[in-house]
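Participant: Sequence:
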Amino acid sequence: MSSRLTGFISTVLQFRTRDYGMEWCKLKLVLPGDAQFDPNNPHNEPERERNWFLEGDTSDLEVWELESSQWIDPRYLSYNTRPKRRGHLFSFRVQPNTTHVSREVRCPADKIGTFEIFCVSPNCRVDIWQNKLQPPMGLFLEQRSSL
Numbered sequence: 005m006s007s008r009l010t011g012f013i014s015t016v017l018q019f020r021t022r023d024y025g026m027e028w029c030k031l032k033l034v035l036p037g038d039a040q041f042d043p044n045n046p047h048n049e050p051e052r053e054r055n056w057f058l059e060g061d062t063s064d065l066e067v068w069e070l071e072s073s074q075w076i077d078p079r080y081l082s083y084n085t086r087p088k089r090r091g092h093l094f095s096f097r098v099q100p101n102t103t104h105v106s107r108e109v110r111c112p113a114d115k116i117g118t119f120e121i122f123c124v125s126p127n128c129r130v131d132i133w134q135n136k137l138q139p140p141m142g143l144f145l146e147q148r149s150s151l
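Residue numbers (the numbering used here): 5 to 151.
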């Protein structure tokens with residue numbers, strides 16, 4: 005999975021929460037320093053499947069919850085067709101070796117949560133490539149007990 009943010013590109017993320025009794029969720033962004041991509045190093049291309057890259061002013065990123073309870077077909081998703089914003093979740097500055105955590109939101113069992121992340125600055129680029137390898141990296145949803 006890849007996520008790309010610029011001053012003109014946002015990323016829409018969707019998560020299905022399946023577990024009954026695990027209905028409090030927060031988004032986490034984790035960017036370990038050892039996974040930072042260096043575009044000037046020709047020998048790190050094999051690692052391109054699992055890394056991240058920052059460029060420009062990444063001091064103001066925002067995450068919003070969107071009004072969508074159905075899976076979105078990415079072939080038809082555009083700025084004009086994206087779901088309306090429901091509420092601001094959090095803002096943060098991207099830095100290596102930091103974990104950013106949103107406030108908690110309700111995430112009912114067997115529902116789909118939809119979020120948008122974007123750069124506020126027009127001179128911003130955040131590029132994240134991740135796979136299922138451990139430890140977790142990138143943007144993911146963390147659930148906790150609601151019982």
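If you're looking for bench data, these hints aren't it; they were derived computationally from the structure. Computed from a predicted model, the values in this text were never measured in an experiment. Yeah, the Cβ is synthetic: ideal placement off N, Cα and C, and Gly gets one too. Take these hints with a grain of salt, some might be off.
Here are the simulated lysine-lysine pairs, DSSO-like style, with alpha carbons at most 27 Å apart [as the list claims (entries may be wrong)]: (1) 136 <-> 32; (2) 136 <-> 115; (3) 88 <-> 115; (4) 115 <-> 32; (5) 32 <-> 88; (6) 30 <-> 88; (7) 136 <-> 30; (8) 115 <-> 30.
Taking CB as the label site, the calculated pair distances span [said to hold, decoys possible]: (9) 89 <-> 46: 36 to 42 Å; (10) 22 <-> 44: 39 to 45 Å; (11) 105 <-> 13: 31 to 37 Å; (12) 89 <-> 44: 35 to 41 Å; (13) 91 <-> 23: 39 to 45 Å; (14) 37 <-> 12: 36 to 42 Å.
Participant: Each of the hints needs a verdict: does it hold here or not?
Facilitator: Hint check:
Taking the CA atoms of residue 136 and residue 32, the gap is near 16 Å; set against the 27 Å cutoff, the hint holds. This hinted pair checks out: residue 136 and residue 115 have alpha carbons roughly 22 Å apart, not beyond 27 Å. At most 27 Å may separate the alpha-carbon atoms for a hinted pair to count; residue 88 and residue 115 meet this at roughly 18 Å. For the hint pairing residue 115 with residue 32, the CA-to-CA distance comes to about 19 Å; that is within 27 Å, so the pair holds.
Distance hint between residue 32 and residue 88 is fulfilled; the C-alpha atoms sit about 22 Å from each other, no more than 27 Å. Under the criterion of a C-alpha separation no larger than 27 Å, the hint pairing residue 30 with residue 88 is consistent with the structure, at around 20 Å. In summary, the hint linking residue 136 to residue 30 is supported, as the alpha carbons are separated by about 19 Å, within the 27 Å threshold. Taking the CA atoms of residue 115 and residue 30, the gap is near 15 Å; set against the 27 Å cutoff, the hint holds.
A C-beta distance of roughly 41 Å is found between residue 89 and residue 46, which places it inside the suggested range of 36 to 42 Å. Restraint check, residue 22 to residue 44: a C-beta distance of roughly 42 Å satisfies the suggested window 39 to 45 Å. The hinted range of 31 to 37 Å is not satisfied by residue 105 and residue 13, whose Cβ atoms lie roughly 24 Å apart. A beta carbon spacing of about 37 Å between residue 89 and residue 44 agrees with the range 35 to 41 Å that was offered as a hint.
For the hinted restraint 39 to 45 Å between residue 91 and residue 23, the CB-CB distance of approximately 23 Å leaves it violated. At about 28 Å, the beta-carbon gap between residue 37 and residue 12 misses the expected band of 36 to 42 Å.
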